[in-house]
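Produce the entire structure from the sequences given, and follow the hints as far as they go.
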Amino acid sequence: AQSVAQPEDQVNVAEGNPLTVKCTYSVSGNPYLFWYVQYPNRGLQFLLKYITGDNLVKGSYGFEAEFNKSQTSFHLKKPSALVSDSALYFCAVRDDEENTGFQKLVFGTGTRLLVSP
Amino acid sequence: DAGVIQSPRHEVTEMGQEVTLRCKPISGHDYLFWYRQTMMRGLELLIYFNNNVPIDDSGMPEDRFSAKMPNASFSTLKIQPSEPRDSAVYFCASSTPRGRGRTGELFFGEGSRLTVL
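Top line first, the protein sequences correspond to chains B and H. Quick note on this note's numbering: the first sequence kicks off at 1 and runs consecutively. Quick note on this note's numbering: the second sequence kicks off at 1001 and runs consecutively.
Hints may contain errors.
Unchecked claim - Derived DSS-like pairs: lysine-lysine, alpha-carbon spacing no greater than 25 Å straight-line:
# : chain 1 : residue 1 : chain 2 : residue 2
1 : H       : Lys1024   : B       : Lys104
2 : B       : Lys58     : B       : Lys77
3 : H       : Lys1068   : B       : Lys104
4 : B       : Lys77     : B       : Lys49
5 : B       : Lys69     : B       : Lys104
6 : H       : Lys1078   : H       : Lys1068
7 : B       : Lys22     : B       : Lys104
8 : B       : Lys77     : B       : Lys22
9 : H       : Lys1078   : B       : Lys104
These aren't lab readings, by the way, just hints derived from the structure by calculation.
Structure follows, in structure tokens:
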């Protein structure tokens, strides 16, 4: 069964510093990996995805994520954090095994990012 | 596109009352998902539909919960009778399937915050 882990409940970073939010996954086939962001009292918004190709994926709001197959990781990064980046971030995975129909998207437990001025 | 539309945004009710949450997916999306978000359990998939047909309802917690999708543009999640432990934010999401150049990321509504007293 597919699963995803976000080992940190909260990440604290000062504005202007680089940030990393960690995610590791487990699948049987090839992974489809996603990052979503949730601002207070809002729904989840899609940030970026990895399907195939370059291991470094660029997404919305200056975020990027690096796919590492050997470490089964898909960490979210940003070179310079903004206070407005403070939110809840979810990693999600879908198993790319074919011939089994639509696969459910499995979400991690979320990591709260707090960027201080 | 208006995105996924959910109503009501907030619902406060008393234990034992019936609650109906509504969702309008993005036009053309043929998958619809209902999720529940709580502090204790995070984001849980309750049920999902494909072409208006329920595919997997294994996440529905009890028989008190039911979901329908009478047509491609409307779905309901009903709780009858409601209990305080049902208090949560309920999200609807829609998606297109993998293949045909699409990778199946989910588009979420803003959620319905339910409080059962």
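We went through each hint and held it up to the structure:
no.	hint	in the structure
1	H:Lys1024 <-> B:Lys104	holds, 20 Å
2	B:Lys58 <-> B:Lys77	holds, 10 Å
3	H:Lys1068 <-> B:Lys104	holds, 19 Å
4	B:Lys77 <-> B:Lys49	holds, 13 Å
5	B:Lys69 <-> B:Lys104	holds, 21 Å
6	H:Lys1078 <-> H:Lys1068	holds, 8 Å
7	B:Lys22 <-> B:Lys104	holds, 21 Å
8	B:Lys77 <-> B:Lys22	holds, 9 Å
9	H:Lys1078 <-> B:Lys104	holds, 22 Å
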